[in-house]
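Visitor: Residues per chain are reported as follows:
Protein chains: 2
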Amino acid sequence: MAGLFRYPRCLMRFEITTLGTGAALPARGRYPSAQLLNIHERLYLVDCGEGTQERLRQAEVNFNRIGCIFISHMHGDHYLGLMGLLSSMHLNGRQDELLVFGPPELKEVIDVQLRASQTYLRYPLRVRSLAHKSGTVVYSTDRVEVLTLALEHRIPTTGFLFRERAMLRKLDPSKVASIPHFARNGVKEGEDLLLADGTVVPNAELTLDPPLPRSYAYCSDTAYAPELIDHIRGVDLLYHEATFTDELLARAKETMHSTARQAATMARDAKVRTLLLGHFSSRYKSNTVLLAEALPIFSNTLLANEGAVFRIDQRTSV
Amino acid sequence: MAGLFRYPRCLMRFEITTLGTGAALPARGRYPSAQLLNIHERLYLVDCGEGTQERLRQAEVNFNRIGCIFISHMHGDHYLGLMGLLSSMHLNGRQDELLVFGPPELKEVIDVQLRASQTYLRYPLRVRSLAHKSGTVVYSTDRVEVLTLALEHRIPTTGFLFRERAMLRKLDPSKVASIPHFARNGVKEGEDLLLADGTVVPNAELTLDPPLPRSYAYCSDTAYAPELIDHIRGVDLLYHEATFTDELLARAKETMHSTARQAATMARDAKVRTLLLGHFSSRYKSNTVLLAEALPIFSNTLLANEGAVFRIDQRTSV
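Just so you know, the sequences run in chain order A and B.
The C-terminal position of the first sequence is numbered 306 in this note's numbering, with every residue numbered one higher than the one before it.
The C-terminal position of the second sequence is numbered 306 in this note's numbering, with every residue numbered one higher than the one before it.
The shape of chain A in the complex, shown without the other chains (with noise of 0.2 Å):
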């Protein structure tokens, strides 16, 4: 079974804790955006409102494991919480090295307050601006890539989509005794085995498909936008802000936020598996309502919870 177990189940994570869904002015039990990926135990976060570490306190989360921060814009419920925590993972002796993306405004907010504090990091911070355009790959490693989303909102500001690396095939159990060992790389990757007296075994008939590479997108904060819909295609989970129902298309059209119609029809255009909703104005004391709008529209919608987590599950067919 050792090829089954190649990846351990539990370091294979996908998932998403959405540790705040309010917007600019959070009501009582809702906190500004931030969420935390855990994708094969890499810890990514995603916007980083104020309060974001009193946030991961509560979630149990040690600061340092998280590699890379990615903000989506310069508004301050999606960032005001970031210098706080670079200095708690200064304070709490953070040596490795982490990487911030941002709009390249955040570079001057960061180093300003560095300044002003007198801080000098323990730590390399790095600190990469992003261009406001859909899919530039700005992070990647042999696990995961990250690409851009050019949203649309008041001011310059970026999505981003995490696509898991296509995997290795698995080798058939029943089979894995009549591969030598030096080929069983070459037939996960795909290769047929040849065996010694010229016999060609087809690949297909020694391995298993692998799982299916999974994909999330973060579409916060946006104005309705279908030129997203090539890019999000088939994604797996896509968080879209949702801070208004239809009711107020107006005043989301004004503030370059979304309707939790509009979000739906987003999800279903680009077909994709799951729907969340978050970002939520604060004058819905109960988001159900949201979710009442979308449900008609796009089936497969879940409401984001502070606190709540969202696995992605692996998955060999469609």
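FYI, nobody ran anything at the bench for these hints, they're computed from the structure.
Note that the Cβ used here is the ideal one computed from N, Cα and C, for glycine as well.
Among the hints, a few may not be true.
Stated by the list, open to error - Partner residues aside, some chain B positions facing chain A, computed with beta carbon under 10 Å: (1) PRO20; (2) ARG45; (3) VAL49; (4) LEU68; (5) SER75; (6) ALA104; (7) SER162; (8) LEU236.
Model the placement of chain B on the given structure of chain A, informed by the hints.
Guide: Okay, now just chain B, sitting in the frame of chain A:
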């Protein structure tokens, strides 16, 4: 009884709400520094660590009633909640001027962030730089004046002394009928009464002592700084940081913080009425160890606590 009720007691409040009592890395349940002062129904905020707006919401304070904010220094645990609060005031439709006092670097930190978020505040914001010296009156009204205290910390840090203005003398209720209306203001100001027949009634026979002016000193963050004693002598309430116990005196010196023993020594030597300890290191899960250290030196010592209200009552004699 009109004289006695000239200032209704409920409008003569002098109270301090400690919103956050933690140090740079707050323990669970503690928050970074912030205090709300209510002096005669005018609200002042002293320091504004990350999450202060959330604490103010919990305390059911209308942000827009806050007229002045005083920032002691540019360490993140004392100011990182400011931008979020300024932004929420804006989104809540504030129109009244807001005064913010802080180190010279504060203005740039605010301006850079307003620019990055393309925020044009709806209310006038005046940011005033504090020079690092004691005894300067930086704000005054007919009710209160605020003076600076040059604290000793790793970066320039200013404490604040809030001093109630001397009040008018009170007309003795049993004598008030004998004082002509036109003469009452003069008598309250301490003048003797000249009757129509030429008789002079000494002021002491017509009036009662007004309450003594109350005072509050905020000293955080600071190393043990006996040169402050002359400036805080006899205050009703001294908030003094007590980051460590004396066991960690070397660490206190190195980081330019105080121990509880040092805070108590300051209180005793400055002959203050009450000492309030705060800014507790997260290593102390219970802060009673800090209280226990202070009490033998200064018995009238209290522990600050998240959301606790400390009221300074009026009194007419020492």
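Visitor: Compare the structure with each hint and give your call.
Guide: Results for each hint:
The criterion of a C-beta within 10 Å of any C-beta in chain A is met by PRO20(B), whose closest approach is roughly 8 Å, and the hint holds. The closest approach between the C-beta of ARG45(B) and any C-beta of chain A is roughly 7 Å, which is under the 10 Å cut-off, so the hint is satisfied. Hint on VAL49(B) is violated. Least Cβ distance to chain A is approximately 14 Å, over the 10 Å limit. With a cut of 10 Å, the hint placing LEU68(B) at the interface with chain A holds, because the nearest CB-to-CB distance is about 5 Å.
Satisfaction of the interface hint for SER75(B) is found here, the shortest Cβ-Cβ separation to chain A being roughly 5 Å, below the 10 Å cut-off. Nearest Cβ of chain A to the Cβ of ALA104(B): about 4 Å, under the 10 Å cut. The hint holds. For SER162(B), the interface hint is violated, the least distance from its beta-carbon to any beta-carbon of chain A being 52 Å, above 10 Å. The restraint placing LEU236(B) at the interface with chain A is violated, with a minimum CB-CB distance near 16 Å, outside the 10 Å limit.
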